[in-house]
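Undergrad: The task is simple: from the sequences and hints, build the whole structure.
First residue of the sequence shown? That's 0 in numbering that gives the first Met the number 0, and the numbers climb one at a time after it.
A hint or two may mislead.
EDC-like, lysine to aspartate or glutamate: derived pairs with alpha carbons at most 20 Å apart [as the list claims (entries may be wrong)]: (1) K69 to D14; (2) K257 to E112; (3) K125 to E94; (4) K329 to D350; (5) K129 to D77; (6) K131 to E185; (7) K329 to D316; (8) K125 to E185; (9) K338 to E261; (10) K131 to E215; (11) K27 to D118; (12) K240 to E112; (13) K240 to E185; (14) K106 to E36; (15) K106 to E94; (16) K129 to D316; (17) K106 to E185; (18) K3 to D14; (19) K253 to E215; (20) K106 to D316; (21) K329 to E354; (22) K125 to E261; (23) K58 to D77; (24) K253 to D284; (25) K253 to D77.
These are calculated hints, taken from the structure and not from any lab test.
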Amino acid sequence: MEAKPNVPNVLIVDDEIGPRESLRMILKANYNVFAVENGNAAIQMVQQIPMDVVTLDLKMPGLSGIDTLKELRLIDPDLMIIIITGYGTLKSAIEAIRYGVFDYIPKPFNVPEIISIIDRSVQRRKLNLKIKEVIGNFFEVSLGASPLKDGMPIQDGTAHPKWGREIPSGEQNFLKFAKVLAHTLEEKDPYTSGHSERVCYYSDFIAKRLPLSPKERAEIQIAAYLHDVGKVGISNRFMNKKGTLTPIDWAIIKQHTKKSIELLLPLNLSPSILACIQYHHERFDGTGYPDGLAGDQIPVGARIIAICDAYDSMTSDQPYRKPLSHEEAKSELLKFSGKQFDPNLVSIFLDVLKEMEEVFLVRDHLKAPSISY
Numbered sequence: 000m001e002a003k004p005n006v007p008n009v010l011i012v013d014d015e016i017g018p019r020e021s022l023r024m025i026l027k028a029n030y031n032v033f034a035v036e037n038g039n040a041a042i043q044m045v046q047q048i049p050m051d052v053v054t055l056d057l058k059m060p061g062l063s064g065i066d067t068l069k070e071l072r073l074i075d076p077d078l079m080i081i082i083i084t085g086y087g088t089l090k091s092a093i094e095a096i097r098y099g100v101f102d103y104i105p106k107p108f109n110v111p112e113i114i115s116i117i118d119r120s121v122q123r124r125k126l127n128l129k130i131k132e133v134i135g136n137f138f139e140v141s142l143g144a145s146p147l148k149d150g151m152p153i154q155d156g157t158a159h160p161k162w163g164r165e166i167p168s169g170e171q172n173f174l175k176f177a178k179v180l181a182h183t184l185e186e187k188d189p190y191t192s193g194h195s196e197r198v199c200y201y202s203d204f205i206a207k208r209l210p211l212s213p214k215e216r217a218e219i220q221i222a223a224y225l226h227d228v229g230k231v232g233i234s235n236r237f238m239n240k241k242g243t244l245t246p247i248d249w250a251i252i253k254q255h256t257k258k259s260i261e262l263l264l265p266l267n268l269s270p271s272i273l274a275c276i277q278y279h280h281e282r283f284d285g286t287g288y289p290d291g292l293a294g295d296q297i298p299v300g301a302r303i304i305a306i307c308d309a310y311d312s313m314t315s316d317q318p319y320r321k322p323l324s325h326e327e328a329k330s331e332l333l334k335f336s337g338k339q340f341d342p343n344l345v346s347i348f349l350d351v352l353k354e355m356e357e358v359f360l361v362r363d364h365l366k367a368p369s370i371s372y
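TA: Next up, the structure:
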């Protein structure tokens, strides 16, 4: 087929002609659609023609869906892969998710749903590539290899006058960059806009009450800005799902910490920053993820971010619920103190909120002032 210019390419991989042709007919109006019947053909196609999205059946003769997925990931790590299968088991789903899938859909699929998911996957790929470009630009600048490129403005100045004197210049540059990257991730989502900045803001109020060096505080700020960057590879329908999450839903959501680390590796961030990002969903009682760490095994920065992340999420509007009031959110933090959250840090944060109430006259939805680094 002759591909239309400036139109996303979608590859359908399914050994059954019925679902393959049905999906091709559904998508052909808006995409360049290619269809193959087995994994080997899919690998050859992706090697010849750059694809934006691949829909992949798990059970196929010859090369399995999982093995095909592994090979496609080696060819293009940024490929948006959607599993569409009628034979998937929980075990096969979890295995596929480990290798990075954007979404997982059982057959028979719902037509409006599949169109929506394909559309979102195309947009997420664009955002993912944009974030990688921003990271690449900063990496080049930090090495002195090139001048700062357009699209990555780094401003002078700090929100807090002390920071300019306390934080080493290297950390200040990373703070500025982290803000740019967080803004790039959140700018098109009204539900997450400003989330990382507020988490950063709250986190420093806790950190400066602890015996931490300026460098340690700065590293927590950087991690707070970047803690959710891996969500770029996860479909919003899992993050924003109403009701009970299935084991497959949870498996996909839990991948975002791993994806964050993979995205950020080129920056050579300090191990302490990466640990804060990787472990901010660990729980104080050891029942969190990804590694089931407990208590002081969890880096203090990750414990701080966990509290601030939860508080801001609870007091922000979400697609699946209205925001909790300030008082309701405080009650939730107390309820899970010692279980999900470090009780000492919860106590400090509640003191912080009390101070902020006096300064800002906190309304039901507390917003942090705009911060510029």
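Undergrad: If a hint holds in the structure, say so; if it doesn't, say that too.
TA: Hints versus structure:
Proximity of K69 to D14 is assessed by CA-CA distance (about 18 Å); at most 20 Å being required, the pair is judged to hold. At most 20 Å may separate the alpha-carbon atoms for a hinted pair to count; K257 and E112 exceed this at roughly 27 Å. Straight-line distance between C-alpha atoms of K125 and E94 comes to about 26 Å, which puts the hinted pair past the 20 Å bound. Distance hint between K329 and D350 is fulfilled; the C-alpha atoms sit about 11 Å from each other, no more than 20 Å.
Between K129 and D77 the CA atoms are separated by roughly 11 Å; this keeps the pair inside 20 Å, and the hint holds. A threshold of 20 Å between alpha carbons decides the hint, and for K131 with E185 the separation of about 15 Å falls inside it, so the pair holds. Between K329 and D316, the direct Cα distance comes to roughly 16 Å. Compliance with the 20 Å bound is thereby established for this hinted pair. A C-alpha spacing of about 14 Å is found between K125 and E185, which places the hinted pair at or below 20 Å, so the restraint holds.
This hinted pair does not check out: K338 and E261 have alpha carbons roughly 29 Å apart, beyond 20 Å. Annotation: proposed proximity of K131 to E215 is violated, straight-line Cα distance about 26 Å (limit 20 Å). Taking the CA atoms of K27 and D118, the gap is near 13 Å; set against the 20 Å cutoff, the hint holds. Using a Cα cut-off of 20 Å, the hinted pair K240 and E112 holds, with the two alpha carbons roughly 14 Å apart.
Using a Cα cut-off of 20 Å, the hinted pair K240 and E185 holds, with the two alpha carbons roughly 18 Å apart. Of the pairs offered as hints, the one joining K106 and E36 holds, with about 17 Å between alpha carbons and a cut-off of 20 Å not exceeded. Of the supplied pair hints, the one linking K106 and E94 holds, its CA atoms being roughly 18 Å apart against a limit of 20 Å. Under the criterion of a C-alpha separation no larger than 20 Å, the hint pairing K129 with D316 is inconsistent with the structure, at around 26 Å.
Between K106 and E185 the alpha-carbon distance is near 32 Å, which puts this suggested pair outside the 20 Å criterion. For the given pair, K3 sits about 26 Å from D14 by alpha-carbon distance, which is inconsistent with the 20 Å threshold. For the suggested pair K253 and E215, the alpha carbons sit about 26 Å apart, so the restraint of at most 20 Å is broken. Distance hint between K106 and D316 is unfulfilled; the C-alpha atoms sit about 33 Å from each other, more than 20 Å.
For the suggested pair K329 and E354, the alpha carbons sit about 14 Å apart, so the restraint of at most 20 Å is met. With a C-alpha separation of about 17 Å, the suggested pairing of K125 with E261 holds against the 20 Å cut-off. Note on K58 and D77: the hinted pairing is violated, with a Cα-Cα distance of about 23 Å set against a maximum of 20 Å. Under the criterion of a C-alpha separation no larger than 20 Å, the hint pairing K253 with D284 is consistent with the structure, at around 18 Å.
For the proposed pair K253 and D77, the alpha carbon gap of about 18 Å is at most 20 Å, so the pair holds.
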